[in-house]
Amino acid sequence: MTGGATQEAPVGLTIRGGTKVYPGTVALKSVDFDLRMGAVNVLVGENGAGKSTMMKVIAGVERLTEGVIEMDGEAVDFHSTDDAVRRGIGIVHQELNLFPDLSVSDNIFMGRERRRFGVDIDRAEQRRLTREIMRRLEHDIDPDTPVADLRVGQQQIVEIAKSLAQDARILILDEPTSALSAAEVEILFRVIDELRRDGVGLVYISHRLEELIRIGDYITVLRDGHITGARSMEGVDVAWIVRNMIGEASKTYAKAEEHELGEPVLHLQDVTLPRNGGGLAVDHVSLSVRKGEILGIYGLMGAGRSELLECIIGRHAHAGGTIEVDGDRIDGRSVAGRIKRGIALIPEDRKTDGLIQIASIRENMTLSSLRDFTRGFHMNLATEKGRVRDFVKRMTIKIASPENPVASLSGGNQQKVVIAKALMTEPKVLLMDEPSRGIDIGAKAEVFRVMRKLARDGLGIVFVTSDLEEVMSLSDRILVMSEGRVTGEFDRHDATDTALIRASAPASAERHLTTSEEEPV
Amino acid sequence: MSTSTADLPDQNAASGSALLLLLKARTFIALIVVFVFFSAMAPNFLSAANMVIMSKHVALNAILAIGMTFVIISGGIDLSVGSIVGLTGMVAGFLVLNGIDLGMGWAIRFNTLEICLIVALVGILVGAINGFLITKLNVAPFIATLGTLYVARGLAMLSSDGRTFPNLGGSEEWGTESFRAIGSGAFLGIPVSIWMLIVTGLVAAYIARRTPLGRYIYAVGGNERGAALSGVKVDQIKFFVYMFSGLCAALVGLIITSQLVAAHPATGETFELNAIAAAVLGGTSMSGGRGRIGGTIVGAFVIGVLSDGLVMMGVSAFWQTVIKGLVIIAAVVVDQAQQRLQARVALQAQGALGK
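Listed in order, the protein sequences are those of chains S and A.
Residues 1 to 521 in my numbering are what the first sequence spells out, letter by letter.
Residues 1 to 355 in my numbering are what the second sequence spells out, letter by letter.
Hints in this document: simulated from the structure, not taken from any laboratory.
Since this is a predicted model, take the numbers as computed values, not measurements.
No farther apart than 27 Å at their CA atoms in a straight line, the calculated lysine-lysine pairs in the BS3-like style are these: (1) A:Lys233 with S:Lys428; (2) S:Lys453 with S:Lys385; (3) A:Lys233 with S:Lys340; (4) S:Lys385 with A:Lys233.
Covered stretches of chain S, as calculated for chain A (at least 3 residues, CB under 8 Å): (5) 324–336; (6) 346–359.
Over 10 Å on every C-beta distance to chain S, these chain A residues come out as not near it, computed from the model: (7) Phe35; (8) Val52; (9) Ile190.
Beta carbons: idealized from backbone N, C-alpha and C, even for Gly.
Just chain A, same shape as in the assembly (with noise of 0.2 Å):
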């Protein structure tokens, strides 16, 4: 990425634009980077088996870093994502082993698909009551995330007094035997999970680039007074950017329990901050209006990819984090001269019109 950054006064207007093509695609770069670095020195890297593990580990941090994304494109924040990846989980596992008891003996059990459907929900309705703190209570979006953070998390420790809900097998009984596959299972060859990724990836890249809805949240975090004033109901576009960022945390929260066949209440601590930061290193603005699904996914990957090499090399998980501090930094520090080239090309395009 070094050679990117190299400075050229005098160029003129066409490797002006080569360049900038060379930035926009340089979490790409980056990406085939690492792949190639830990291809040479990590043994086994390439293997079918580790490509399936890693893309594993990285679908869980991608589905969260797109509905972060979303919610950074906005110009907010979603701190509570991890928590309600516990909390969600923690449902899921009490669903699985126990019902809804209505009293007098008797209990609603519910199979794969409602649990589901329930999990799905509970991590909307965080999402919504996020939403409704910024919007309504005008709660600044740090403070009411953090807010649900703790709350979220909170809550998952008491579902259990902290204990872990172990045995997940599910029952034939009650139609819950498939909650395994979830996390187990695959289709055509690809695991559950990384179909989950691409399904909530294309929803996703499908909102951002070709719905009213999309649009509206770039310009609510470009400009929210200016897009209120032209007409976008800037509350509902911040509701459904934190409902769908909650909903992303209950799919991770059910992969993971799946995965792990149990449910512990502390499980997604700090995912929150790997979300972040796959979506500032796929080219999404902290301050708001810019960013693509595109971008994040590929942010992820280089993540993953980056901390499932370095433990394959055998490098210590001390300095495997320091590594990927430095790799966001350097990658916000070429963002900075991409916005500046870009921003350049285009004043000279206007530039010689005036001409």
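This is chain S alone, in the form it adopts within the complex (with noise of 0.2 Å):
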């Protein structure tokens, strides 16, 4: 960081020596960062390296234990959150921090309210804005919708606007692309430019090594609390990068394995879920999935992916069509009845759908099988433990004891708790919704050896995802989804990102196509 190029950007910010202790751990230890203005400070790191934590520091949400933070020369002591937008600091979150039922231009100006004698909140002026915020951000997102009605996609972008809306200096992004798709991550990108073209200093964090090759002017690299390395991002390579992450030679995901597909396990005829409002989220879509066979959907959010998901395990109780598993047509409704016959989710989003959050590793684990070690209606308690005890073996889960509360693991670890509770259930088909959504890549090749293993072993395995590497690795065919609609499909062989991202791109929205196809991703 001391080459002192004559071009580089002027630094905004600097950390000296940042330490920030937790109980019980060290998550920052004695780091130097820069952060530069008018220039895409690129932050990257396995999860629990440090990054949150070093943004939550810049943002005023914690407090370093030693170490200064300077801005324009002088040292500054965020206490608040205030106190650092005060300073032109705004932070997108990982998780999202919004209000579900306040209305999405009530969420972008929630404690910055337009008002008219200081009193009154000027509505008016308030959607005017957020409509112009949504045109930035091409999305036709109305302004009065609640957000609980919106995608975790279309909420990452209010997320995204609201701290466009505070008009930061500098803007902290951490993970803004997890839930998007490859043509919303072209739309954030633009606005990214134009934003560095401002002055505007941006700090990007993300998983996505791609992503930030391409977006980034700057690299940091943390591991453990440490950072092992910082520089333009001039001559950087994914090799580099990783180098540095895991200071090991790269972990690629399980290759693909020829293995025989066996008789198709689950059959969708003309599955329809009508959406709220109007039209249908879910538009007869069929498709058949073999034994060892992993599908792969790709699509952008709001293509009605994790609704046919959530129709296939039967959330929705009005969705219309046919499922049948094994050649038996499902009739009943009930989520229960149809893990009993063989169907598993993952769901998206591990939070809220996923996990009970106070409750135990164990609990969580067992909850969908709980029938396996109940006689009438005792339980045995000594079963259940030693069944949990096979499972983190299995699924190689790190913890210190199952009892201890689920929230307590790493997002790649909760994850594999979600698979295991699911795995439990012995099910024929496993539904996956984003299976690596806001988990490092340690955990993510993890995952993935998982799913090829479970497929190996005869499952079909349905899964959704925006990354197109992802896809394109994992899948033994893939599906694209648009719009509710299957708009393409494509064996592993012959699949292409171009082809996959035209088939993707809803037709209205022709105008996200022609940089798609200019530059796929």
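Starting from two chains that each stand alone, build the complex the way the hints lay out.
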């Protein structure tokens, strides 16, 4: 970082000797960090490496135990996020911090309402500004929609809009693309370019390495609270990042292995789901999965992928169409019934759908399969413990004790608990909605390895993702969805980035397509 | 309790878990503290007679609180229990005094066992109505049970035009002379109502710890969406907790009616608040997903011993109310401290693993 080339962007904020101690762990160990203005400062590291902690310190969410933060040569001490906001620092957190029952514009202006005479909220003005920001983000989201009605990807857009509305000089984006699809990422990158030209200092955290290399100007790699590499992005490649991140040779995804596919295990015919406010969220989808096959479903946010999986697991009582497992039609609508018939779902949102945060790891894991060790109504707790121990070992989940709350685990380990819960029901079909969302490379590779192994053991797997690389490297077959319909089907061998992106573009958003065609991700 | 809140920033994991153990047992410690305090301050507090009277008082609240604990763990609240006590008490009183008139001069009279069953069914029915409103009609638990609170109380008043059913001594002719035994009888020297508490408590604790039903109650309260997606039949679980709470209230209605040998329609007013207080004191989280039957029973004893002890010391009723309130608030404050510490100890253990 002492390179000091003359064309380097000015430093807007520095941390010197930053140390942050949490009870029991040291999250940051004496880090020196320069945040450059008019540039994208990329931050990368495995989960728990200290990226989020460092950003929380900058955004005033946490305070350094030791060390100083300087802005424009003077030391600053942020006691709260308000202090940071006053200095022009905005942050888009990895976890969404929105008020689900309030409208989009209310959320965007929360705490900074436009007011007439200092009292009365000027809703018309807020609505106008919201529309403006949404136009800039190229999203057609009505300012009056309650946030709860939006998909996770759209909510992330609102979160980004929130910090854009602050006119921040320093903007921190913590995994902003984890729920966005390729086309949406393109839009975001255009907005980032714009901000960079305006002289805003951006910090960009992501697990998607290609994305980082593409968008970043400067890169900082963290490992175990240390900065292991910091330089300008020129000449940086994935191998360099990974080497600094994990300190060893690159971990690659499990290679696709050829194995025989069996009989069709899951068959859908004309599955439909009405959307709130008219139209169909899932529009006559028919598909079939064979034993041992991994079927990847790629598509944009809101393409109806998650809804399709939810129809299969029986969450929506008013869904239409027929579902067959092993050739037998399933009539019951209850989730419990479908689980019994051999379907299991790993939901997109671990926090709200996948886990019971305050319950223990053990209770979470066995929740779907309590009947397996219950006689009459008496549970055999010893058997339960044994099974949990088994799966912890099988899935290599790192835990101190199965009695600890599941919330104490890292994202990757939490995801493994969710997968273990699904596997304990001994499913024939496993539905996985964004199985790698918000987990680090190491855990990701492990999750993928588990998926491969399950497929080899004869499970039919349907997984949904917005990550092109993931869908290409894991799937035996790829379906693309757009606007609730299946718009493309590809064999692993003849799928290309461009073809997938083309198929995923909704008819109503042709303009997104043009950029994607020129520059496939 | 104040000593346990001391802040020890640089403690190691061992002293952390020792403190945690202390915090976990806080309600029990509080019970011992009030017990020792009143033994020293109030004469006759430790006499056998006083113990029996006190436990009889506690039993009523404790039984209600057990039902309430399940409801709160499932993420709901049941405000109607006090009114169910009143209504079921009136039903019991009516059935002891009269039979059901079939017209043409015929009437069915019931013996004690049948009366108990009918009263229990009435309680379960009101609970089922709560469950129906909450699951099928999507009414918020607070509002649904507030509604049934008024309706049940009104029905209790209507049943006698607001008058008391007196002299429920029962008669040998109809097989109801044993009705009084529920409130005043004893088995092996222990009052029947205490036995009922013991049985209810054991059954509830068994359900909570050793049955899938219990696990599901916690799951629904912890994360309803997550539980539903894991295959938990959320509606059934909710029906169960409200029906169980109704049953507990009916038991209390029976006990009170029998103890007083009379049924008054205003019986049980504000009982729901005492039940909630006992559950919270025992460590039940109002946001659901967390709580223990044993804790609730100890909580009910703390409240009961406290109020009876204060009466014996001659403390004014007004001060008693203030003290009860302060104890409840203190309990929740300490509970928060425990949660934080618990999370920290778990994180520490997890963190140690990562190294």
